[in-house]
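Engineer: Chains L and P supply the protein sequences, listed in that same order. So in our numbering the end of the first sequence lands on 368, straight run, no missing numbers. So in our numbering the end of the second sequence lands on 368, straight run, no missing numbers.
Take these hints with a grain of salt, some might be off.
[To be verified] Beyond 10 angstroms from chain L on every Cβ pair, some chain P residues (computed):
1. 164
2. 196
3. 206
[Said to hold, decoys possible] Per the computed footprint, the stretches of chain L lying under chain P, defined by three or more beta-carbons under 8 angstroms from a beta-carbon of chain P, are:
4. 26-32
5. 138-145
6. 163-170
[Unchecked claim] Listed next, the stretches of chain L that the computed footprint assigns to chain P, with coverage defined by at least 3 CB atoms under 8 angstroms from CB atoms of chain P:
7. 40-53
8. 190-196
9. 201-215
10. 233-247
11. 252-258
Think of the hints as simulated: they come from the structure by calculation, not from any bench. Predicted, not measured: the structure shown is a model, and the values here were computed from it. Note that the Cβ used here is the ideal one computed from N, Cα and C, for glycine as well.
There are 2 protein chains.
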Amino acid sequence: MSTPRISAVYHVRADDSTIEAQAKAIAVEQSVEMPLAAIDSDWVMENIVGRVESINRIGDGLFEVRVGLAVETTGLEAGQLINMLLGNTSIQDTVTLVDAEFPEAIFQAFRGPNLGIQGLRDACGAHGRAMTCSAIKPQGLSVAGLVQLAERFALGGPDYVKDDHGHADQAFSPFAERVPAIARAVARANASTGYRTRYVPNLNGNLDAMREQIRIARSEGIDTFMAPPMVCGFPTFHTLVRENPGCAFFSHPSMSGTPRIAPEFLHGKLFRLLGADAVIYTNYGGRFGFTKQTCQTLAHNATGAWGGLRGACPVPAGGMTQDRVAEMVDAYGQDVMLLIGGGLLLARENLTAETRAFVETVERLGAA
Amino acid sequence: MSTPRISAVYHVRADDSTIEAQAKAIAVEQSVEMPLAAIDSDWVMENIVGRVESINRIGDGLFEVRVGLAVETTGLEAGQLINMLLGNTSIQDTVTLVDAEFPEAIFQAFRGPNLGIQGLRDACGAHGRAMTCSAIKPQGLSVAGLVQLAERFALGGPDYVKDDHGHADQAFSPFAERVPAIARAVARANASTGYRTRYVPNLNGNLDAMREQIRIARSEGIDTFMAPPMVCGFPTFHTLVRENPGCAFFSHPSMSGTPRIAPEFLHGKLFRLLGADAVIYTNYGGRFGFTKQTCQTLAHNATGAWGGLRGACPVPAGGMTQDRVAEMVDAYGQDVMLLIGGGLLLARENLTAETRAFVETVERLGAA
Chain L
1 MSTPRISAVY HVRADDSTIE AQAKAIAVEQ SVEMPLAAID SDWVMENIVG
51 RVESINRIGD GLFEVRVGLA VETTGLEAGQ LINMLLGNTS IQDTVTLVDA
101 EFPEAIFQAF RGPNLGIQGL RDACGAHGRA MTCSAIKPQG LSVAGLVQLA
151 ERFALGGPDY VKDDHGHADQ AFSPFAERVP AIARAVARAN ASTGYRTRYV
201 PNLNGNLDAM REQIRIARSE GIDTFMAPPM VCGFPTFHTL VRENPGCAFF
251 SHPSMSGTPR IAPEFLHGKL FRLLGADAVI YTNYGGRFGF TKQTCQTLAH
301 NATGAWGGLR GACPVPAGGM TQDRVAEMVD AYGQDVMLLI GGGLLLAREN
351 LTAETRAFVE TVERLGAA
Chain P
1 MSTPRISAVY HVRADDSTIE AQAKAIAVEQ SVEMPLAAID SDWVMENIVG
51 RVESINRIGD GLFEVRVGLA VETTGLEAGQ LINMLLGNTS IQDTVTLVDA
101 EFPEAIFQAF RGPNLGIQGL RDACGAHGRA MTCSAIKPQG LSVAGLVQLA
151 ERFALGGPDY VKDDHGHADQ AFSPFAERVP AIARAVARAN ASTGYRTRYV
201 PNLNGNLDAM REQIRIARSE GIDTFMAPPM VCGFPTFHTL VRENPGCAFF
251 SHPSMSGTPR IAPEFLHGKL FRLLGADAVI YTNYGGRFGF TKQTCQTLAH
301 NATGAWGGLR GACPVPAGGM TQDRVAEMVD AYGQDVMLLI GGGLLLAREN
351 LTAETRAFVE TVERLGAA
């Protein structure tokens, strides 16, 4: 009986004479990592050693290689999953992990977003239109300064307002002081306006610290969090998602810039598989180099039907401005959360009005 | 009063007309991540915003940029440290983090290896020569099969024998069964030979799981562990090191293949700072692409005087064979641990003899 396999898809730079050997080398590296001649277990050879499923030439010196990796080798655990998908091969600069087809066992074990894009919409009452988000920054402000900023954002009524990813647990604004104070400020603003802005604190530190941060925030009524999977590690991110089934999680892209994994797959699929309800990534045409095509494929991966998982909301960001809202809704459709941070903060004393204008622009462009 | 700064060193591809703006952009991205015009706190501008310290042209279209990053922004926590050093800038494919000069506060907070290279030597009685290591694999073998392999390795008397990094907590050899059984087999072998081979289990899963694994292994007398910082996350790795001051930790390079961080810095300094007593990396001339120069600089970084931290032992690996031992000792000197896994396993029924030959070759080449 053959065990189920993940079909991992790599792009490999090679030539016609070497590609077959390289493909086999990947299959070995990502499974048993030793010379096959030294393996004397038939069961291991049959069930554990990676299998080259196909090799297709897709360009000059570029090949798509599919490798079947035994699900059992992942132990159905998030760190071991990425270890088996790319681990040592990440160090080969001729190989990029571009996609994977997962069997049912993987989807059942990892389970994806708790709430998904629809749950994020329900939580803030945003239907038939893109969602809006802004970011509280800079780090270094006192808690009082951050509270004031958060309140002024919230008075403009964006759907979400998140911590900057630089906010950790620093002396100038410790998590345990900062987050409850901001949560209350946003609640105050909501009570006065009738909007339903939701505050998203940034989690940081190790698993213990993040659990304690979630406890603190939940006691203030917060149920949406941000964390960077490439900093805290896949196991930590996945653990938090599964431990908090009523909560939503935004993935932050810090340290995600490994050209050895296609961003379309990393953000759109892997982070979704781990349970990101919203995936923040660097939009085309901003401060970073992703192409429009990459961003659209990433968004499609995040939202499309996949293994029965809830869809994750794409959150293109990184130097976005109000004058790009219409273009972004055109590029992504309504299933997107538009995140403008610095672009709104530049309005300074007019922050609330500028935030309100952003929100109304997005509402006008809605499909409903 | 000015707060202490980390001096982060980046290589930036740019041209003469754009490098200044790019350097400033990195300084902003890695600190406040927002337009400076929107910051109205003088304290933040003075103490938190990153500062371009120098720009030097080092090649055609290539510059070395030094950026001063405020220590306070790191919160003296491992995840936030890498978030501040490279985080979002990892997504810029024109920038590579190549080094950092840390002020005393960082060394005092992170503290580096518990035992260091000298402690690893003392633990197995290996002085005046390179240390030796092999690896138990493939994953997929039953516990009984792995035990037999471990015992045959240990009878040859290498200093260390480690799990393959593919060994996690899979159904075919669960950690809680595998590790105690292997620990006892190695102890049995040591009792019969008088050698002092030390077994190094691979930790996996989240922080809870790794703690439990350490507890299980320690109850069998094991005090040396392996974990991959880029998979488990910097915070998890650093937490385990600091929680177990009597134990040694090997860093494994899985998922370390980000061309946005120079390997010399990542393995030789950052992993050492977090507390790796031994850093496993892919050697030149094996299955991976590092140059000899990169590997030698990495080893020098790991072992050299640095911030008062203990030295970490370089462990070049990845397709090493016995016939390279003399060349590697020549390249690295005696402060190295030579790791041959598959190359020994190919000896099959002669595994113990081949391991013994490897150990004796290394002893002969010793300086003592």
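Engineer: Each hint: holds or not?
Structural biologist: Verification of the supplied hints:
no. : hint    : result
1   : 164     : 6 angstroms, violated
2   : 196     : 25 angstroms, holds
3   : 206     : 4 angstroms, violated
4   : 26-32   : holds (count 3)
5   : 138-145 : holds (count 5)
6   : 163-170 : holds (count 6)
7   : 40-53   : holds (count 7)
8   : 190-196 : violated (count 0)
9   : 201-215 : holds (count 6)
10  : 233-247 : holds (count 6)
11  : 252-258 : holds (count 6)
Of the numbered hints given earlier, the model fails hints 1, 3, 8; all others are met.
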